[in-house]
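> Sequence:
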Amino acid sequence: AQAVRRIIEERFGKDYAADKRWAICGDMNDYRQRVKVAGDAIDGYRFEVVDEALSCINVLTAGGFCENVVERRPEMNRWSFYHTRGPEERHLCQLDYILLSKGLAASNATAVPDIIRNGQPWRTIFPPGQEVERFPRAGWDRPKASDHCPVAITLDMT
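When we follow the working numbering, the leftmost residue of the sequence shown carries the number 1, and every step to the right adds one.
Hint data in this document are derived by calculation from the structure and do not stem from the laboratory. Incorrect hints may appear among the rest.
Per label pair, the in silico range of CB-to-CB distance [to be verified]:
(1) 46 to 157: 35 to 45 Å
(2) 156 to 9: 19 to 29 Å
(3) 4 to 42: 43 to 53 Å
Glycine included, C-beta positions come from ideal geometry on N, C-alpha and C.
Turn these sequences into a full structure, and let the hints guide you.
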């Protein structure tokens, strides 16, 4: 994250980078928040939003350098990845990002990203109201489109 920020600051100038139009997109393999999943299919699932103390994403968003526009979505609906190591460790989290420069985010203040979850395997536990129609041939664990959900946004670049 530090290297990415440095590259952008060197390209646009440290004092001007946030006001330019650029985006950082992709799997950052880190999260600032997760949704813990407890319970089971019989007694029902419970979901709890937990903030993380440390995240490399903070390096990029510090000082208003850029905005994680996925955070424009409700907290419970920001996840792009389901992690499980059995019933004792399950959570949903955002690993896939669209980070917009302060300038680009400001000129697209009402744009909210879509998270496409139709390719998730059947073992993924969805919070209430977020269930989707799975793509044909999605299995319990495999086949699946990906273990990550694509994140997409439409931006006005004029």
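> Which of the listed hints are broken here?
Result: no hint breaks.
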